[in-house]
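In order, the protein sequence lines correspond to chains H and W.
Under this note's numbering, the first residue of the first sequence carries the number 1, and numbering increases by one thereafter.
Under this note's numbering, the first residue of the second sequence carries the number 482, and numbering increases by one thereafter.
No lab work stands behind these hints, which were simulated from the structure alone.
Be aware that a few hints might be false.
Claimed, not checked - Derived EDC-like pairs: lysine to aspartate or glutamate, alpha-carbon spacing no greater than 20 angstroms straight-line:
| id | chain 1 | residue 1 | chain 2 | residue 2 |
| --- | --- | --- | --- | --- |
| 1 | W | Lys499 | H | Glu328 |
| 2 | H | Lys374 | W | Asp548 |
| 3 | W | Lys521 | H | Glu260 |
| 4 | H | Lys94 | H | Asp335 |
| 5 | W | Lys566 | H | Glu260 |
| 6 | H | Lys230 | W | Asp548 |
| 7 | W | Lys551 | H | Glu103 |
| 8 | H | Lys388 | W | Glu540 |
| 9 | W | Lys567 | H | Glu264 |
| 10 | W | Lys521 | H | Glu264 |
| 11 | H | Lys374 | W | Asp520 |
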Amino acid sequence: MDNLYSLTAGELLGLLDKKTINPEEIIESVYSRAQSVDKKIKGYLNLDREKALSRAKDLPSSGKLKGIPVAVKDNICVEGELTTCASKILRGFKPPYNATVIEKLKSEGAVIFGKTNMDEFAFGSSCENSSYFPTLNPWDTSRIPGGSSGGSAAVVSADEAIMAIGSDTGGSIRQPASLCGVVGMKPTYGRVSRYGLIAFASSLDQIGPFTKDIKDAALLLGVIAGFDEKDSTSVNVPVPDYASYLKNDVKGMKIGIPKEYFVEGMDKEVEASVREAIALLKGKGAQIVDVSLPHTEYAVAVYYILATAEASSNLARFDGVQYGYRCEDPANLLDMYERTRGEGFGAEAKRRIILGTYVLSSGYYDAYYLKAQKVRMLIKNDFEQVFKSGCDCILTPTSPTPAFKVGERSADPLSMYLSDIFTISVNLAGVPALSMPCGFTKGGLPIGMQLIGNFFEEGKIFNAAYAYESNTDWHKRSPKL
Amino acid sequence: MSEMEEKVRYVARLARIKLTDEEVGLFSRQLDGILGYVDKLNRKLDIQGKTLPMSHPHEASNSFRADEVKPSLPPEKVLANAPQKKGDFFKVPRIIEE
């Protein structure tokens, strides 16, 4: 059977059930697709056909994802497989254990399929900060795919993967999903174990799915979610059957539209597409209400203080002692630390460690770090107020613009940081959010919208998203490659 | 050297990162811009005493698991990634000067 690579996991599972196809055929199809298109996209850092095939021969007797290949962002540990965070400082690192999400995927029969490119240590919004090479947008290879999980978004968009997982600290799943025209979700903080995710900012990081449609997103989240005693921040709340929320019915659902997310200067085509999506849901019986998230304008500032502070602490472990890169001929221990880190980290990693160390340093802690923690509370309160007022979901654009040109923002870190303006608050608050396709620009670039839910209410997001998807066909378009 | 460049050199030392002179110049200009931006929290927002700092999305409390012995990773697996090792140890340059 041809073109298995273009199908969703749901469709492939149906064919596997009927025994029309076998898992090896899926691997071969997706692998040969990657062979022919990844030269242009460069979404994979590592992809090994033999390894994937041998994994497909050794599957459990049953499983929710039995025989489905899943690509994995390069900051998630896969035992014995290169895991570098797209950083030189972790060149050659092969983890001695699997992340919990990898164990969960394997126990449900998923085939771990390649490691995807990213901004180094997830520092970036364009995938240009990879130490190896930039990934390009499948819809227009002169543009960036978004980041930091740009590789995962691009390979799903280009049909080089059926599904993928990524991580989202300030929008790193949703923004690239939006820019590449696929579905991406950041679950509630604590919903998915972070054990084996190489930490960027521990109070913000979450692992989540990239898929071709909403049904697959519900399926993949159901597999990776759940309490894990190895992650003390994972929360012991039962995982519902997300498939039961996939209803083409939003009658009576209350959807909030925050005025702070429709701002002066945002892309007109993005705004028009999102407004049309709101009108569609209203036409299907959803109750649309204006809401306010008044501290939105401070989110980027709060985020770049807290995220860099946490990163500066988390990245202290890369010191040339236990793994990864060590500088040549160190004169003494201090020289080894300083040169290993100076030579091993890329520019953005160094910039963030410096900023994070600065805001935590004596004399600046209160003005920056403590202040940001307080404003973070105000941002969380904003969301709680909206959900307390009876909203089931909040709907916003995912990114203020479609995919920008390679190189356009790389010289100005602040302009890059501002591309996350609509996704960052969600991580600060800890609530779940999903990005899905809601249109295209005249130039053919995907536009994404974001559905935000209350804590642990991913199900309601899936309901609204599925209803919207059932009445549109944006998700069925594919880039011409 | 500008005040910001001095700060960047000081902080790089704290963070144990060797920077080139070009990097010090570039980062101090960029950090000036970023700090100017994030300082809006101090310029525009007066929340004196009104709110508690938030370090974590959920009400944080200690998270305990049963105190049971479980197998740990074998030393050879842990040491497999070491840049330098000797026996069952990570090898580093001499720490105590002669």
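**Item:** Lys230(H) paired with Asp548(W) [C-alpha distance capped at 20 angstroms]
**Value:** 13 angstroms, holds
**Pairwise hint evaluation, Glu260(H) against Lys521(W), where the allowed Cα distance is 20 angstroms at most** = 17 angstroms, holds
**Prompt:** Is Lys94(H) within 20 angstroms of Asp335(H), Cα to Cα?
**Reply:** 26 angstroms, violated
**Message:** Hinted pair, alpha-carbon criterion (20 angstroms max): Lys567(W), Glu264(H). Please report holds or violated.
**Reply:** 61 angstroms, violated
**Asked** Can the restraint linking Lys374(H) and Asp548(W) be considered satisfied, given a maximum Cα separation of 20 angstroms?
**Response** 35 angstroms, violated
**Message:** Would the hint linking Lys499(W) and Glu328(H) be met if the CA-CA limit is 20 angstroms?
**Reply:** Given pair Lys499(W), Glu328(H) holds - Cα atoms ~14 angstroms apart, limit 20 angstroms.
**Prompt:** Under the criterion that the straight-line Cα-Cα distance not exceed 20 angstroms, is the pair Lys551(W), Glu103(H) satisfied?
**Reply:** 18 angstroms, holds
**Prompt:** Does the structure keep Lys388(H) and Glu540(W) at a Cα separation of 20 angstroms or less?
**Reply:** 18 angstroms, holds
**Message:** Hinted pair, alpha-carbon criterion (20 angstroms max): Lys566(W), Glu260(H). Please report holds or violated.
**Reply:** 55 angstroms, violated
**Prompt:** Lys374(H) and Asp520(W): Cα distance at most 20 angstroms?
**Reply:** Holds, at about 14 angstroms.
**Message:** What's the verdict on Lys521(W) and Glu264(H), does the C-alpha distance respect the 20 angstroms limit or exceed it?
**Reply:** 19 angstroms, holds
Figure legend: structure checked against the earlier numbered hints; hints not met, in rising order: 2, 4, 5 and 9.
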